[in-house]
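S.K.: The lines below spell out each chain.
Number of protein chains: 4
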Amino acid sequence: MKWDFKTPGIPDNFFVKGAPITKEEVRVITLSKARIKENSIIYDVGAGTGSISIEAALLARNGKVFSIEKNPERISLIKKNIKKFGVSNIEVVEGEAPEVLRALPRADRIIIGGSGGRIRRILKKCDGKLNDNGVVVINAVKLDTLRDSTSTLQKLSYNFRVTQVHINKFDGIAKALSTIFIIDAEKR
Amino acid sequence: MKWDFKTPGIPDNFFVKGAPITKEEVRVITLSKARIKENSIIYDVGAGTGSISIEAALLARNGKVFSIEKNPERISLIKKNIKKFGVSNIEVVEGEAPEVLRALPRADRIIIGGSGGRIRRILKKCDGKLNDNGVVVINAVKLDTLRDSTSTLQKLSYNFRVTQVHINKFDGIAKALSTIFIIDAEKR
Amino acid sequence: MKWDFKTPGIPDNFFVKGAPITKEEVRVITLSKARIKENSIIYDVGAGTGSISIEAALLARNGKVFSIEKNPERISLIKKNIKKFGVSNIEVVEGEAPEVLRALPRADRIIIGGSGGRIRRILKKCDGKLNDNGVVVINAVKLDTLRDSTSTLQKLSYNFRVTQVHINKFDGIAKALSTIFIIDAEKR
Amino acid sequence: MKWDFKTPGIPDNFFVKGAPITKEEVRVITLSKARIKENSIIYDVGAGTGSISIEAALLARNGKVFSIEKNPERISLIKKNIKKFGVSNIEVVEGEAPEVLRALPRADRIIIGGSGGRIRRILKKCDGKLNDNGVVVINAVKLDTLRDSTSTLQKLSYNFRVTQVHINKFDGIAKALSTIFIIDAEKR
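Protein chains in written order, with the working numbering: chain A, 1372 to 1559; chain B, 1372 to 1559; chain C, 1372 to 1559; chain D, 1372 to 1559.
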């Protein structure tokens, strides 16, 4: 499958599934907040299904995406999706953040979809790896993650904004799909 | 100003203002549903500030955007924003849909942000101008527009989906920014 | 179990379950829009679990609630809940609206939680049974029900308002519980 | 004016205005979470327009409401609303929480609508004044208030839940009215 469009937002059901997926509408806002350039070096922390990694890789055609995931089944799923969409600029990093970040090259953009309750340590480590004017985007579905993210970003003297996104889909009955807090921050 | 990023979602406050603007988060979902290609011919009906036109033109670099607006002040505003972002593939069409659509070349994508209560007539006219496999996206903030859009699309035998988007911004106190129904449909 | 409080909003998990339940937060807004008096005669159309009926009966202590439900399992469930909460002013009406409404005394308040796609016919019949200054409240989870309710109320020359309610619960991860349109209308 | 109904939810525009008001839909959920009894002793901290105080007083007919507000204009407004609704069981307490709480009798229910950034100190003081099995309900419109409330309640070993409420009203165009976090907690 080839995604022929210049707009992100690959429909959820185009991906091989088996792990939580960042819903397409949340995904496009997340990518938008990350402000991806053609040559951006990007980390996708807690990559899950790989949907963010694949869209990021399609946008950063001359850049590279490091897709970080510890769960073996999800790693296999990400690889299937990479193959399905024919993307060549993703490197799957098997292991857990923040530990595995050490060995990676510096990043321009860091997107954190899953943090396993370690968001404070991850953000501090990311700060050390992020280039100047770099951008971090966190997708939080727990109040704890929201709280720990914002307090850590404050300590790191990052500017940040919090945007909450709700999506309802009307296919017959109304379905509340997603409730998520998106925190985006710049390294000054 | 040059928008250097591959991701849409130019911040609202980057635009010269003076008319209602499609908020950046709603804008990126709207553009995503429109599935824009590099060479797409696009109508932006009820262009307002021109934010959708400008982002669409940046995505469809080898295509063209027809930015349709009847209000003289808004037309002037759109032109200011075109100049500000240095975009060359937008043609501002002064007048009201559906009448002014007659003279335009056929379109691949039609985005309707404002319909002035004439959404049924606009959609019927658009159907005649839309290429096969073309996509229509409507942003509705009134239940009347939602109802009239979906009933007209049903009559035209279009597939369509309804997505409702809510955005809260947390800058000090919570601010509910936007509530909008986005209807996207394909011409079969 | 006795509900000792003057405020409605019995927690969902206090009810014997087995059918869709109007969530407690949506229930209190629905009851509020119905403006129940101590001696109100109330229909609960499509009573489901009976949660609306039971709260309405507790508020209208000198009035009466007709709890209308066609599904035998749900009828049994409603009866269990009536017993559990020790309420004596509910009459369970077995059958389908609008047909079964014919035999009932006139009503002051009509709450429609389920309409099985027959909302237009139900509203017309309800109009004939509703006392002057009576109130109708409809809970719609489908755009079709919303559209048909509002167009029928317009034809009947009722004043009405549409309120959409979203509830997120944060128990660990954010959970979008309910998305519902509540239409309330007065008979003039 | 007499509120003749057993259901809370007095329409916003029935109140004399001049200060922020807890919107009627948010108000009924807030009161519901407070689980008011006929004889409850209630604090309304940061009473604003007095809408919560008045509805609480109508529900707790044999109880009493202490309406705490420091702003002289708002105090005057609360008194106008008390007069308008003919309620006799409200005592307006002029001053700021937590200081003014010292002189008050113990409470069964405490509703905190405004905390002026002092929510931690207020909650600690409230803990000392709240009877066993008492309930605290906080309406938070800032993430800071949400965070400080939940962390303080955790320290106090209270059970608590967080419910977020969004209300859209459709009167012509969609209007996103309210976004609020309601935290309710029991003293064990």
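Hints are computed from structural coordinates only; laboratory data are not their basis.
As the structure is a computational prediction, the values presented were derived from the model and not from experiment.
Any given hint could be a false lead.
Because identical chains share one entry, a pair is satisfied inside a single copy or across any pair of copies.
[Stated by the list, open to error] When the alpha-carbon atoms are kept at most 27 Å apart in a straight line, the in silico BS3-like pairs for lysine-lysine are as follows:
no., residue 1, residue 2
1, K1526, K1451
2, K1496, K1451
3, K1546, K1500
4, K1408, K1455
5, K1408, K1540
6, K1373, K1513
7, K1455, K1500
8, K1373, K1546
9, K1526, K1454
10, K1373, K1558
11, K1373, K1495
S.K.: Which numbered conditions among the earlier hints are violated in the structure presented, ordered from lowest to highest?
M.R.: Hints 1, 2, 3, 6, 7, 8, 9, 11 contradicted; others consistent.
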